[in-house]
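Colleague: Chain residues, written in single-letter form:
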Amino acid sequence: MRAERKDCFHLIEPLLPLVEKPSRYIDHEWGVCEEQAGPFHVCMVYADVYEIGQANLGIAILYNEINRLEGISCERAYLPWIDMIALLRERGIPLLSLESAAPLASFDVVGFTLAHELIMTNVLEVLDLAGIPQLGRERAEGDPIVIAGGPSAWNAEPMAAAFDAVLLGDGETSIKDACMRIRDLRASGTSRAEILRALAAIPGVYVPSLYKEVVDAGSTRWGYAVPGEPGTAPEVVYKRCEADLSATEPVAATIVPYLETVHDRLSIEVLRGCTRGCRFCQAGMTYRPVRERPLGQIVEAASRALAACGYDEVSLSSLSTTDHSQCTEMLRELSKLVDDAGIRVSLPSQRLDSFGVDMAAAASAGRRSSLTFAPEAGTQRLRDVINKNVTEEDIEHAASTAFQNGWRKIKLYYMMGLPTETDEDIIAIAETANRMLEIGREVVGRGRRSGVSISVSVAVLVPKAYTAFQWCGQLPPDEVRRRQQLLLACAPRDRAIRISCHDAHSSLVEAALSKMGRAGFGLIREAWRRGCRFDAWTSQFSYGTWVEAARAVGLDLEDIATERFDLDARLPWEHTSPAVSKGFLQREWRRACAGITTGDCTMASCEGCGVCPILGVANVIQGVRS
Amino acid sequence: MKSDLYRLRFAYPKSSRLAFLSHLELSSTIGRSIRRAGLPFAVSQGFARRMRIQFTSALPVGVSSKAEYFDLFLSDRLDAGVALERLSRTAPAALRPFEARYVEGSLPALEAWLDRSSWLLDLGPGLDGNVVDEAIAALCEQGSFTSMRGEKEKMVDVRAGYVAHGTAREDESLMLGLETLLGPNGALRPEAFIRAAFACIGHADALPRYLRCERTAQHHLDDGTLVDPFQLSSTQFVD
Ligand code: SF4
Numbered sequence: 016m017r018a019e020r021k022d023c024f025h026l027i028e029p030l031l032p033l034v035e036k037p038s039r040y041i042d043h044e045w046g047v048c049e050e051q052a053g054p055f056h057v058c059m060v061y062a063d064v065y066e067i068g069q070a071n072l073g074i075a076i077l078y079n080e081i082n083r084l085e086g087i088s089c090e091r092a093y094l095p096w097i098d099m100i101a102l103l104r105e106r107g108i109p110l111l112s113l114e115s116a117a118p119l120a121s122f123d124v125v126g127f128t129l130a131h132e133l134i135m136t137n138v139l140e141v142l143d144l145a146g147i148p149q150l151g152r153e154r155a156e157g158d159p160i161v162i163a164g165g166p167s168a169w170n171a172e173p174m175a176a177a178f179d180a181v182l183l184g185d186g187e188t189s190i191k192d193a194c195m196r197i198r199d200l201r202a203s204g205t206s207r208a209e210i211l212r213a214l215a216a217i218p219g220v221y222v223p224s225l226y227k228e229v230v231d232a233g234s235t236r237w238g239y240a241v242p243g244e245p246g247t248a249p250e251v252v253y254k255r256c257e258a259d260l261s262a263t264e265p266v267a268a269t270i271v272p273y274l275e276t277v278h279d280r281l282s283i284e285v286l287r288g289c290t291r292g293c294r295f296c297q298a299g300m301t302y303r304p305v306r307e308r309p310l311g312q313i314v315e316a317a318s319r320a321l322a323a324c325g326y327d328e329v330s331l332s333s334l335s336t337t338d339h340s341q342c343t344e345m346l347r348e349l350s351k352l353v354d355d356a357g358i359r360v361s362l363p364s365q366r367l368d369s370f371g372v373d374m375a376a377a378a379s380a381g382r383r384s385s386l387t388f389a390p391e392a393g394t395q396r397l398r399d400v401i402n403k404n405v406t407e408e409d410i411e412h413a414a415s416t417a418f419q420n421g422w423r424k425i426k427l428y429y430m431m432g433l434p435t436e437t438d439e440d441i442i443a444i445a446e447t448a449n450r451m452l453e454i455g456r457e458v459v460g461r462g463r464r465s466g467v468s469i470s471v472s473v474a475v476l477v478p479k480a481y482t483a484f485q486w487c488g489q490l491p492p493d494e495v496r497r498r499q500q501l502l503l504a505c506a507p508r509d510r511a512i513r514i515s516c517h518d519a520h521s522s523l524v525e526a527a528l529s530k531m532g533r534a535g536f537g538l539i540r541e542a543w544r545r546g547c548r549f550d551a552w553t554s555q556f557s558y559g560t561w562v563e564a565a566r567a568v569g570l571d572l573e574d575i576a577t578e579r580f581d582l583d584a585r586l587p588w589e590h591t592s593p594a595v596s597k598g599f600l601q602r603e604w605r606r607a608c609a610g611i612t613t614g615d616c617t618m619a620s621c622e623g624c625g626v627c628p629i630l631g632v633a634n635v636i637q638g639v640r641s
Numbered sequence: 018m019k020s021d022l023y024r025l026r027f028a029y030p031k032s033s034r035l036a037f038l039s040h041l042e043l044s045s046t047i048g049r050s051i052r053r054a055g056l057p058f059a060v061s062q063g064f065a066r067r068m069r070i071q072f073t074s075a076l077p078v079g080v081s082s083k084a085e086y087f088d089l090f091l092s093d094r095l096d097a098g099v100a101l102e103r104l105s106r107t108a109p110a111a112l113r114p115f116e117a118r119y120v121e122g123s124l125p126a127l128e129a130w131l132d133r134s135s136w137l138l139d140l141g142p143g144l145d146g147n148v149v150d151e152a153i154a155a156l157c158e159q160g161s162f163t164s165m166r167g168e169k170e171k172m173v174d175v176r177a178g179y180v181a182h183g184t185a186r187e188d189e190s191l192m193l194g195l196e197t198l199l200g201p202n203g204a205l206r207p208e209a210f211i212r213a214a215f216a217c218i219g220h221a222d223a224l225p226r227y228l229r230c231e232r233t234a235q236h237h238l239d240d241g242t243l244v245d246p247f248q249l250s251s252t253q254f255v256d
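The listed protein sequences derive, respectively, from chains A and B. Read in order, the letters of the first sequence correspond to residues 16 to 641 in my numbering. Read in order, the letters of the second sequence correspond to residues 18 to 256 in my numbering.
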């Protein structure tokens with residue numbers, strides 16, 4: 016039964032003085048779509064607190080797209096923080112949307128973003144707080160249709176039981192198609208089962224309940240999914256892809272939050288996709304091809320949105336902003352536009368191989384206190400394995416350019432547990448850090464107060480679906496710890512170098528959830544039942560509880576995460592595809608093992624990943640990439 | 018202070034849900050409203066180039082107000098009425114400014130200058146004015162109390178901050194009017210003050226869990242006279 020749609024703000028208002036950061040719950044921000052007349056109502060949910068979720072650009076794009084539709088309105092909901100959750104449960108108040116403070120369970124469609132694997136227990140927490148059955152098959156006719164999408168949907172199987180439909184790839188068009196289809200069918204009294212079947216006919220929409228899991232000799236132990244009845248759903252659902260990005264809106268978020276969010280600035284999406292081909296990177300495979308927006312559109316959008324939103328900072332966002340063929344002109348044009356008003360232009364990260372004087376000048380206008388580079392691996396050999404095409408000279412050149420241009424702090428990102436990694440590769444991380452420090456001291460001076468410092472952050476590789484490393488097992492946690500210790504032991508005893516290592520345990524859970532099929536749901540639900548939520552928060556993550564939950568359902572996390580799959584095995588996620596072919600990924604894996612690099616198809620010839628011919632799209636480059 | 022800047026003072030409320038904004042959230046919201054309005058604000062020179070703006074003393078989160086002020090420094094003189102009208106259109110309704118006038122650039126910073134605040138607290142039904150008098154008298158006698166500011170415990174000097182009070186019944190509720198003075202160690206928080214007063218007479222539980230509180234006015238105390246924030250507006254600045 017559908018909950019009644021009514022404004023329930025009076026229920027949470029008395030709770031506001033009792034919780035941390037009450038502005039998470041008050042709505043009424045500038046740019047909010049207050050007109051929520053419907054009559055068809057959608058609510059987009061980011062299953063984490065407001066300041067994380069409100070910064071998510073995917074949701075922001077869909078929010079605006081849906082609200083532009085006639086007769087359909089879209090609201091937002093976030094997972095309250097634990098203090099508010101406790102009060103809601105204590106008083107029997109259901110989870111509410113922000114705009115109209117209506118119960119989540121009263122909406123026609125509820126959509127989740129799967130931003131990463133560690134958000135899954137939060138999705139269950141949201142459904143529970145909302146009073147929406149967690150299992151798709153337990154939902155009644157009138158219950159909301161629960162959909163999902165986002166970067167972690169490439170292995171949606173562990174959460175397949177919870178979602179009525181999963182939207183793969185770019186959501187701008189498919190969300191509208193899906194919402195309109197549901198609205199029309201609901202209006203004509205069509206049953207829930209029929210609606211789901213109709214959704215499966217929309218390109219890019221995966222309806223898990225129409226598939227069954229099969230385990231056989233050719234699969235991994237997690238099996239693979241095939242249509243339950245032939246003909247009811249496609250064997251493989253390919254992602255949706257906006258071929259012409261310039262036809263879409265470059266300003267994703269138009270709501271100006273009160274609360275400082277994790278990305279508290281105007282964001283202009285300058286391009287989508289990256290074809291550098293780093294072999295560990297899921298986004299690099301799943302967002303192909305590259306689609307640059309034209310310079311004029313970016314500059315126009317930035318000036319329009321700055322005036323409309325009032326931010327004092329604009330960020331040019333994408334997977335690889337400095338790869339945009341017009342990046343230098345773009346920065347020049349924007350700095351003209353914004354200089355007088357004390358507005359900053361910022362770039363999300365810097366590439367090591369193109370960090371020249373131009374970029375240094377542009378990035379310095381953003382006046383971040385530190386500059387971030389990601390060499391990812393310590394030696395040239397290992398960087399070739401992962402196809403991170405930066406050289407030792409690139410790194411040294413970038414460091415000296417940065418120091419010469421006034422930076423004092425450099426952050427370096429690395430990964431541990433990469434295939435073929437040896438102790439030598441680990442030791443080389445410390446050596447690189449030391450060399451960069453030396454370069455800094457040569458440029459800036461050796462005095463105590465020169466302020467030169469290097470901080471190194473080392474994550475653990477989580478092998479992800481649709482990467483060349485999807486067959487790999489994660490490095491066992493004991494070995495992770497040994498290598499972390501080795502790194503710390505060989506790091507120079509200099510206070511100007513700081514090394515921090517990512518927690519091996521949360522990476523282990525992430526790896527396990529990335530590899531499993533539908534059996535993963537039992538594990539996630541058991542973990543949630545035992546109190547796991549906010550797993551991405553160090554303060555909340557409880558590895559012990561995850562281990563107990565796994566044991567209770569007869570699984571072993573370490574065993575799952577470290578398992579290697581056979582190169583020819585049928586994988587659990589092959590029926591939901593970003594259109595990168597398996598043959599290409601297998602070839603990439605073999606080249607990785609041989610230390611052979613692969614080029615970038617926006618700068619040289621096509622590498623045959625399959626995306627363009629399968630989807631009928633192509634790279635869109637505005638100028639010339641070099 | 019650069020003399021070629023114009024100092025425009027705005028009065029605005031902090032009402033309804035937006036009472037729950039923290040001081041930082043409030044200042045960034047107003048800053049963004051000003052940018053949206055396209056007012057010709059001045060930007061500080063140096064490393065962090067920020068908008069030149071001054072706010073009054075921070076309201077505790079959850080406390081609303083009828084009388085908040087900020088001074089915005091403009092690099093171009095814009096008619097005060099036009100500025101007010103433009104900002105009214107780009108500010109959230111619950112913070113919409115209702116008055117704007119140029120004031121002399123040489124005045125002290127707002128936060129220190131507006132040192133007198135008037136407050137109204139809703140103590141809920143079931144309390145008697147005499148008990149309130151008794152509680153406050155006991156606290157004044159005690160002289161100071163400790164209150165939590167975030168994680169830290171802070172010693173509050175009652176005599177430096179408390180000026181006067183009065184009670185009245187409105188509908189069911191007992192309303193407490195409180196006058197406070199900004200002391201050398203900061204402001205007296207009305208809610209912390211009245212809770213400390215009730216704790217003093219062993220009646221901490223008599224107050225509701227959530228106290229509605231509003232700042233009703235702010236003034237500058239000049240040799241015993243209350244000066245209105247706009248009273249100093251000098252006419253020679255007005256066209
Ligand atoms: S098909 Fe070729 S051109 Fe298209 S993204 Fe793949 S490698 Fe690049």
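No lab work stands behind these hints, which were simulated from the structure alone. Any given hint could be a false lead.
Heads up, simulated BS3-like pairs for lysine-lysine below, C-alpha to C-alpha not over 30 Å straight-line [claimed, not checked]:
{"hint": "1", "chain 1": "A", "residue 1": "Lys-351", "chain 2": "A", "residue 2": "Lys-424"}
{"hint": "2", "chain 1": "B", "residue 1": "Lys-83", "chain 2": "B", "residue 2": "Lys-171"}
{"hint": "3", "chain 1": "A", "residue 1": "Lys-21", "chain 2": "B", "residue 2": "Lys-171"}
{"hint": "4", "chain 1": "B", "residue 1": "Lys-31", "chain 2": "B", "residue 2": "Lys-169"}
{"hint": "5", "chain 1": "A", "residue 1": "Lys-36", "chain 2": "A", "residue 2": "Lys-21"}
{"hint": "6", "chain 1": "B", "residue 1": "Lys-31", "chain 2": "B", "residue 2": "Lys-83"}
{"hint": "7", "chain 1": "B", "residue 1": "Lys-31", "chain 2": "A", "residue 2": "Lys-21"}
{"hint": "8", "chain 1": "B", "residue 1": "Lys-171", "chain 2": "B", "residue 2": "Lys-31"}
{"hint": "9", "chain 1": "B", "residue 1": "Lys-31", "chain 2": "A", "residue 2": "Lys-227"}
{"hint": "10", "chain 1": "A", "residue 1": "Lys-191", "chain 2": "A", "residue 2": "Lys-21"}
{"hint": "11", "chain 1": "A", "residue 1": "Lys-227", "chain 2": "A", "residue 2": "Lys-191"}
{"hint": "12", "chain 1": "A", "residue 1": "Lys-36", "chain 2": "B", "residue 2": "Lys-171"}
{"hint": "13", "chain 1": "A", "residue 1": "Lys-426", "chain 2": "A", "residue 2": "Lys-351"}
{"hint": "14", "chain 1": "B", "residue 1": "Lys-83", "chain 2": "A", "residue 2": "Lys-36"}
{"hint": "15", "chain 1": "A", "residue 1": "Lys-597", "chain 2": "A", "residue 2": "Lys-351"}
Colleague: Given the hint that Lys-426 of chain A pairs with Lys-351 of chain A, test it: the Cα-Cα distance must not exceed 30 Å.
Modeller: 29 Å, holds
Colleague: So if I understand the rule, the pair passes when the alpha-carbon distance is 30 Å or less; does Lys-83 of chain B with Lys-171 of chain B pass?
Modeller: It holds: about 27 Å lies between the C-alpha atoms, which stays within 30 Å.
Colleague: Mind checking the alpha carbons of Lys-36 of chain A and Lys-171 of chain B for me, to see if they're no more than 30 Å apart?
Modeller: Distance ~21 Å between Lys-36 of chain A and Lys-171 of chain B Cα, so the pair holds.
Colleague: Does Lys-171 of chain B sit within 30 Å of Lys-21 of chain A, going by the straight-line distance between their CA atoms?
Modeller: Cα-Cα ~43 Å, so violated.
Colleague: Against the 30 Å threshold, does the CA-CA distance of Lys-31 of chain B and Lys-227 of chain A hold or violate the hint?
Modeller: With Cα atoms ~56 Å apart, Lys-31 of chain B and Lys-227 of chain A exceed 30 Å; violated.
Colleague: Assess, step by step, whether the Cα of Lys-597 of chain A is no farther than 30 Å from the Cα of Lys-351 of chain A, and give holds or violated.
Modeller: 46 Å, violated
Colleague: Does Lys-31 of chain B lie within 30 Å of Lys-171 of chain B when you go C-alpha to C-alpha?
Modeller: 26 Å, holds
Colleague: Given the hint that Lys-191 of chain A pairs with Lys-21 of chain A, does the C-alpha gap stay at or below 30 Å?
Modeller: 25 Å, holds
Colleague: Within a Cα-Cα threshold of 30 Å, do Lys-351 of chain A and Lys-424 of chain A meet the stated pairing?
Modeller: 27 Å, holds
Colleague: Do the alpha carbons of Lys-31 of chain B and Lys-21 of chain A lie within 30 Å of each other, as the hint requires?
Modeller: It holds: about 27 Å lies between the C-alpha atoms, which stays within 30 Å.
Colleague: Do the alpha carbons of Lys-83 of chain B and Lys-36 of chain A lie within 30 Å of each other, as the hint requires?
Modeller: Between Lys-83 of chain B and Lys-36 of chain A the Cα gap is close to 22 Å, so the pair holds against 30 Å.
Colleague: Measure nothing beyond the straight line between the CA atoms of Lys-31 of chain B and Lys-83 of chain B; if it is 30 Å or shorter, mark the hint as holding.
Modeller: With Cα atoms ~7 Å apart, Lys-31 of chain B and Lys-83 of chain B stay inside 30 Å; holds.
Of the numbered hints listed earlier, those contradicted by the structure are 3, 9 and 15.
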